[in-house]
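> Chains as they are written, first to last, in my numbering: chain A, 80 to 507; chain B, 80 to 507; chain C, 80 to 507; chain D, 80 to 507.
Read the hints as simulated data drawn from the structure, not as lab findings. Fair warning: there could be bad hints in the mix.
You can't tell identical chains apart in this list, so a pair holds if it fits in one copy or across any two.
Think about it this way: if two alpha-carbon atoms lie no more than 25 Å apart in a straight line, the pair counts; the simulated SDA-like pairs of lysine to any residue are [to be verified]:
(1) Lys328 x Lys503
(2) Lys331 x Glu258
(3) Lys184 x Phe112
(4) Lys300 x Gly235
(5) Lys328 x Asn415
(6) Lys496 x Glu431
(7) Lys110 x Met205
(8) Lys496 x Glu203
(9) Lys132 x Gly316
(10) Lys331 x Lys496
(11) Lys167 x Gly145
(12) Lys496 x Thr188
(13) Lys504 x Tyr317
(14) Lys110 x Ile215
(15) Lys496 x Val477
(16) Lys128 x Val108
(17) Lys110 x Ser307
(18) Lys128 x Val417
(19) Lys184 x Pro495
(20) Lys504 x Tyr432
(21) Lys331 x Glu458
(22) Lys300 x Leu433
(23) Lys152 x Tyr256
(24) Lys201 x Leu219
(25) Lys328 x Ala498
(26) Lys184 x Tyr305
(27) Lys132 x His220
Since we're looking at a predicted model, the values are computed, not measured.
There are 4 protein chains.
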Amino acid sequence: MRTCITLLLFCLAAAGQNLNSPAGQWMSVMKLFDERLYARLQLDVTGNKLTGKLGDDTLEGILNQGRIDGTAKLNGQRTVHFQDTLAKDRIEGTAQVDGQPNELKWEATRAPSRNSTPETHKFEPMQFQHFFSDAIEPVLHINIGDTVATWSVDAGGTDPRGVRRTSGGNPLTGPFYIEGAVPGDTLVVRFGRIRLNRDSAISSPLISSNALNPRYVEQRKRVEGYNSDWRLDLQRGYAVLAKPTETMKDYKVPLEPMLGCVGVAPPGEMQYRSGFLGSFGGNMDYNQLREGTTVYLPVYVPGALLFVGDGHAAQGAGELTGNALETSMDIDFTVNIVAGGAPPSPRMENTEYLMASGIAGSIDDALREATTNLVRWLETMYGLNAAEVSSVLGTSMVYDVAEVVDPQPHVVAKVPKAALSALKKHDH
Amino acid sequence: MRTCITLLLFCLAAAGQNLNSPAGQWMSVMKLFDERLYARLQLDVTGNKLTGKLGDDTLEGILNQGRIDGTAKLNGQRTVHFQDTLAKDRIEGTAQVDGQPNELKWEATRAPSRNSTPETHKFEPMQFQHFFSDAIEPVLHINIGDTVATWSVDAGGTDPRGVRRTSGGNPLTGPFYIEGAVPGDTLVVRFGRIRLNRDSAISSPLISSNALNPRYVEQRKRVEGYNSDWRLDLQRGYAVLAKPTETMKDYKVPLEPMLGCVGVAPPGEMQYRSGFLGSFGGNMDYNQLREGTTVYLPVYVPGALLFVGDGHAAQGAGELTGNALETSMDIDFTVNIVAGGAPPSPRMENTEYLMASGIAGSIDDALREATTNLVRWLETMYGLNAAEVSSVLGTSMVYDVAEVVDPQPHVVAKVPKAALSALKKHDH
Amino acid sequence: MRTCITLLLFCLAAAGQNLNSPAGQWMSVMKLFDERLYARLQLDVTGNKLTGKLGDDTLEGILNQGRIDGTAKLNGQRTVHFQDTLAKDRIEGTAQVDGQPNELKWEATRAPSRNSTPETHKFEPMQFQHFFSDAIEPVLHINIGDTVATWSVDAGGTDPRGVRRTSGGNPLTGPFYIEGAVPGDTLVVRFGRIRLNRDSAISSPLISSNALNPRYVEQRKRVEGYNSDWRLDLQRGYAVLAKPTETMKDYKVPLEPMLGCVGVAPPGEMQYRSGFLGSFGGNMDYNQLREGTTVYLPVYVPGALLFVGDGHAAQGAGELTGNALETSMDIDFTVNIVAGGAPPSPRMENTEYLMASGIAGSIDDALREATTNLVRWLETMYGLNAAEVSSVLGTSMVYDVAEVVDPQPHVVAKVPKAALSALKKHDH
Amino acid sequence: MRTCITLLLFCLAAAGQNLNSPAGQWMSVMKLFDERLYARLQLDVTGNKLTGKLGDDTLEGILNQGRIDGTAKLNGQRTVHFQDTLAKDRIEGTAQVDGQPNELKWEATRAPSRNSTPETHKFEPMQFQHFFSDAIEPVLHINIGDTVATWSVDAGGTDPRGVRRTSGGNPLTGPFYIEGAVPGDTLVVRFGRIRLNRDSAISSPLISSNALNPRYVEQRKRVEGYNSDWRLDLQRGYAVLAKPTETMKDYKVPLEPMLGCVGVAPPGEMQYRSGFLGSFGGNMDYNQLREGTTVYLPVYVPGALLFVGDGHAAQGAGELTGNALETSMDIDFTVNIVAGGAPPSPRMENTEYLMASGIAGSIDDALREATTNLVRWLETMYGLNAAEVSSVLGTSMVYDVAEVVDPQPHVVAKVPKAALSALKKHDH
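Using the sequences plus the hints, can you model the full thing?
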């Protein structure tokens, strides 16, 4: 049977007494067997009348002695009847979707208030993760607006001082739990600093065979003893091969530090090794994910659980050799949350471009996902119809092939902000 | 950085006292940080001299007072030096790979003896799994040669009596722990029985948009109110739509019961929802996986952890509508283990064909994997060179497109056993 | 700019005097610069009133002194005004599409009557074609219902007696001009005989690198001096390697003669070498195209221009080694024409299956085209809606991968006729 | 049978009398049935001894009474024996490849001398081509170093004054015959001018369905009456929609004139409509093919036959809407020939980048071809081995997705010249 993880958000609502009004913001979760279905819940109280929104759906009910009887339409379609009891910051009860035999367990918790003063957390990682997963305990809880200043080991597990700290495969720093992030939200991560912190990087000697035509691969002559370590000259801003062949002795690469891995806990309790990527981000290996870039990620679990790592001193398109110039990295980032609007795949922004990722099983499919991700973004942001967005992207779009050697290829569709400057942002 | 889960098997060996000889079969595991590297270990003792094999590598050492000093070549290349202490059925110690700074922790446990009498276990599932994962506790430990007689709910979680037992998405029966299965081995599962046990199946109404050309998709007229439930006539051996349109009222489908899901715990502690598939098998949705079929799966974790489920009363190629005729199923299977020889992806066998799976991000890539999987199988089984295997497959091979709607397409390359009958099996 | 060869059929009609009535069937052609737009034209006369059909569009006009003034809607949308003069079996004039500045030249010729007695033509080929193209002079004109008995050289140009007759690359027998075939029609070719006529075949030694995974390709050991010639034992019905290695000395392949190439002149005056394939058929290399098979091809030029060739004594799926068992072949076929209904790509039929081809740039796309081709066929033939055709194909469809080594892959979607037996053919 | 157009160059040589020495440069052609096999031939004479090169192969022979007896190795492997007669600027004779039964006809003509003074030809096109084909008569013969100043109609056939001149589908200006271009050579075309010459462009309203994910396509809302004509403001350097919706009224596109079509006659006498692309170039639709760009194309037929057309005022990556801003264009180009070294697919160069095209049936395959094309270019130009070229491209390469809506996708792999500045060009 086909996988269907789009957890139908059949969620619902609650009630309160005078001392303890249910009015306000909640995170709602419905449980059907071991599936958990999350949504933001907003409740308003007028006398004993209860109104509100459950995700994008309208909810109505009656408050009575700390209990409610209510109904909501799931996705505007199926009706849910619910009965609940209200404790201080917690609602507990049951719900019944019409036409479904099984009663659901239901629970809601107060959303944290947002008016805390932003803090900067200096975080020294002591352990490193090898998975994008919601099964890993957060290393730090942070609030909306907070900044984290930390660092990451290189893809092989070696730290800024050259000490091997863990096994290889893109060990990650994190996860960071963002208070108030509800599944369905958009996590906003702005990278204020992505800076090199040592003078060496390692790489791999050969272009991956899946990026070349098979006839070339069949006849390619292997080169014995080639050393693909690099020396990073942080002062002058370039890298050179540490032990170059005669031919390569003057070859220089400008340093353009970037992060290969930025991701959240994947949907559906999936657990991916840190070399994987998907709608949750992950090992995206996009060489425009540099200092100054803002990344928008879908939130799949409460707190989002943000992981970062896999610093590259420089990387060509596609990460052709499987390893870029792999090195440890200093990283500062600041988080924010947009309620709802979770993108279908990561989106990014810098001073010049809006960028939308497509990650899929082939480059053809990844490009289709990327185009669609950007189309939907502009449709929403500027209220464009299908023809208008076609005129804009048909004239202004650029594709970047971020990654072709990882388990899934990654294509980015991007549009210059200059091209969009004449359009009016949509109120919605 | 590119994912590299092929855990380099740098493993090794141990020692013994006179009363407690280390001679025999062991499962060895080396630990580098939180990575675990498994291998079969065979030890022979002559006086205080120790010889043996660690995976495919030769090992040599000296026994001294219950301790050993030894060396092995990893993959015939890098030397490991080790020092270990022997307890009764357990070896513990350390190892040092030359050129690597970090010392490894090492441990080995006795492989179970194989001479137990095969048993048949009647297993009544009470809970159902939604993941292929090694993090799930086995529901039953079984021995090589044992048979399990059990059943599975349908893809939506409903049992043979029509009771919803769990949430949907291909809930699985299992996992079954097979004693003696070591990572790198081949798990052999013969399905003695895959039988229908109720008279209803559910399906979906439309061919998936990714199996059609986009111009057709763009203009396809949706059909309102179409009912795609099926009634199964177990006596007469066919299915009919439960509430057919006038046009479809006589349309019949022969019942050909099969399992959509057969898989083991994936490599590298990955956790996939039960709708996924990969080298570990999983939701393969291949309509030739019927009663009488033997499935060969790679073992990635001790005990393999076998999961089964997702019964289909019938299914066309590609599982075009996303759901086949989904129903609960009675299942009997018998397990065996071949030491080593883990296939790169599942292989299958019935009376007529050898079948090799390819599972990848596109049909093009899945076909390449399937061809290669079958090529390697025949090269090993019959000692064929690249030209000989080409003459055989160029004249006899058949492709089946098993699945095009799941997260990864699945193509099967198969060859009739009749074509192979004139070839001599290779001794190796 | 995107290619748009779908020649918008803006065609139209004519008139007649009493002695020389325009009533009847015509082939109409409109010329815009050097583009030619064909359609079937049917004219009926009542007094001086003219009615009829131009392709699927309705036409109306007035007859006056051997001239007409008339109008038709192109594709039911744009109006064409036309003025024409009628000669005996020829109409000549002009047409003006509303909204288009350029006047079109117009001409129609009488369609041949169909009531000739079918003939059998014994055709001895003296020259061989290396292209699918409408620029090649027909070698024979035949009528609907006629049979041609002929033969083809092998893919390298060698005839049944072992004489090299032309250069290699699938030399073709033909083209045959079918009287009465109008662009937009369906050419029906039934192969009554596809028979071996010599005792040798040649092949190639290695599976094509694009059908294997690149890591395997990179490490594959080349085999020196392997001979991939085959000896055909026509009496016993199998092939063996002519000079087998020890390992392959008993390997036998059942003879299942087929044609690799069946095609018509491509659309838009394209000229493809005989190793190419496309919507016009061509080098389809499908091992079910055997004696007894009927092939349905779209007609793109007057007379269709049918080519046949590339006999294979046997071939596995995908024609993995680039050459099957290439040999010369005796071929008998009988032609028919269905007015209109040109399929988007070839279709085939034998006693067991309806088969629909998909030919595209990747296997993924070819499979999408094949599924869609079969969907459209069943929708038309049985009047099925999108859900009904999904129920049928979701339960009964089979994919064959015909060809993976030619310039374009070829996938076939097929459905057993047995599955369709309960459906009623649609009157339309 | 698989297509094999790689015309095995079994070519060879000739002789002369004292008055009329054969020494010098020739174009050789061998004929096997209707196949023609071209090569450059260089002959040197010492007494009655003849030496030289046929393509890359060495040739030896004896001159005797205006006839020669000689031998060459084809591709360094098979021996050819030849006998020929020398006329003034023509050699005629026969050749026999060892092991091949058929005698070949042979002929050679003097290569034109290169020391003509470059000319500029002002060429006013009167007819327009709809094919890339060697069957079309050249409109002009030009010499190496010559410049042609001409113009092209837009993709629909309309000229700079708004007059429809021919039918649509990218009508081409040309073909131009370049004297001295021999199959196997590299044609070098530098575009000195690609300039707009009118104030209007047409486009299409919707992103092509194959560039979007099929679920989006299925639900996309069509927009009625959207006008996708553009007005070009040549003074200010931007385009605006001619009749914009309210939302789009201020949307501007910078004018960046480019040519969609630059190509030569395809190999093997193939004839492609002008919307097609391939190793011969053609409808490449790459938005970096602007004024100042040099294009390198493989020569497949004597004189190469160069076609240009399909001007775009601006185009986003992928030409998403199927039509860019289609307009007529003024075009100046200068030609040169490099003997041999025909690239596998087009290459380009501007002040910043070396660019290598990959054109194939899927984006995945096109990217593999592009990477390989660039790899081979750098290997040859700088004498890099497989590891060195990997270090360079792994750090510096950029992919552009030129085209996703034409019959074949087009991907460009490019590398900044700045990155290559430290490498030394290879003498070869």
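> Each hint should be assessed against the structure and marked as holding or not.
So, going through the hints one by one against the coordinates:
Proximity of Lys328 to Lys503 under the C-alpha cut-off of 25 Å is restricted to the inter-copy arrangement: shortest distance 11 Å between copies versus 52 Å within a copy. In this assembly of identical chains, Lys331 and Glu258 lie within 25 Å of each other by CA distance neither inside one copy nor across copies; the values are 44 Å within and 42 Å between. Taking the shortest Cα distances, Lys184 and Phe112 sit within 25 Å of each other inside one copy (9 Å), while across copies they are farther apart (41 Å). In this assembly of identical chains, the alpha carbons of Lys300 and Gly235 never lie at most 25 Å apart, being 27 Å within a copy and 32 Å across copies at closest.
Taking the shortest alpha-carbon separations for Lys328 and Asn415, neither the intra-copy value of 45 Å nor the inter-copy value of 34 Å comes in at or below 25 Å. Taking the closest pair of Cα atoms, Lys496 and Glu431 come within 25 Å of each other both inside a single copy (6 Å) and across two copies (24 Å). Within a single copy, Lys110 and Met205 get their C-alpha atoms only as close as 35 Å, which misses the 25 Å cut-off; across copies the closest is 19 Å, which meets it. For the identical chains of this complex, Lys496 and Glu203 are neighbours neither inside a copy (36 Å) nor across copies (41 Å), given an alpha-carbon limit of 25 Å.
Neither within a single protomer nor between protomers do Lys132 and Gly316 lie at most 25 Å apart by alpha-carbon distance, with minima of 53 Å and 49 Å respectively. For a Cα distance limit of 25 Å, the shortest separation of Lys331 from Lys496 across copies, 12 Å, qualifies, whereas the shortest one inside one copy, 31 Å, does not. When the C-alpha separation of Lys167 and Gly145 is checked against a cutoff of 25 Å, the pair qualifies only within one copy, where the shortest distance is 11 Å, while the shortest distance between copies is 64 Å. Taking the shortest alpha-carbon separations for Lys496 and Thr188, neither the intra-copy value of 39 Å nor the inter-copy value of 58 Å comes in at or below 25 Å.
Proximity of Lys504 and Tyr317 under a CA criterion of 25 Å is satisfied inter-copy only: 22 Å between copies versus 40 Å inside one chain copy. In this homomeric assembly, Lys110 and Ile215 come within 25 Å of each other (Cα to Cα) both inside a single copy, at 21 Å, and across copies, at 20 Å. With identical chains, the CA atoms of Lys496 and Val477 are at most 25 Å apart both within one copy (12 Å) and between copies (21 Å). Within a single copy, Lys128 and Val108 get their C-alpha atoms as close as 22 Å, which meets the 25 Å cut-off; across copies the closest is 64 Å, which misses it.
In this assembly of identical chains, Lys110 and Ser307 lie within 25 Å of each other by CA distance neither inside one copy nor across copies; the values are 52 Å within and 27 Å between. Proximity of Lys128 to Val417 under the C-alpha cut-off of 25 Å is found in neither arrangement, the shortest distances being 29 Å within a copy and 68 Å between copies. In this assembly of identical chains, Lys184 and Pro495 lie within 25 Å of each other by CA distance neither inside one copy nor across copies; the values are 47 Å within and 48 Å between. Proximity of Lys504 and Tyr432 under a CA criterion of 25 Å is satisfied intra-copy only: 16 Å inside one chain copy versus 36 Å between copies.
With identical chains, the CA atoms of Lys331 and Glu458 are at most 25 Å apart between copies only, with a shortest distance of 18 Å across copies and 42 Å within one. In this homomeric assembly, Lys300 and Leu433 come within 25 Å of each other (Cα to Cα) only across copies, at 24 Å, whereas the closest approach inside a single copy is 41 Å. For the homomeric pair Lys152 and Tyr256, neither the shortest alpha-carbon distance inside one copy (31 Å) nor that between copies (44 Å) is at most 25 Å. Taking the closest pair of Cα atoms, Lys201 and Leu219 come within 25 Å of each other only inside a single copy of the chain (10 Å); across copies the shortest separation is 47 Å, beyond that limit.
Taking identical chains as interchangeable, the C-alpha atoms of Lys328 and Ala498 lie at most 25 Å apart only when they sit on different chains, with a minimum of 13 Å there against 42 Å within one chain. Taking the closest pair of Cα atoms, Lys184 and Tyr305 never come within 25 Å of each other, the shortest separation being 61 Å inside a single copy and 32 Å across copies. Neither within a single protomer nor between protomers do Lys132 and His220 lie at most 25 Å apart by alpha-carbon distance, with minima of 28 Å and 49 Å respectively.
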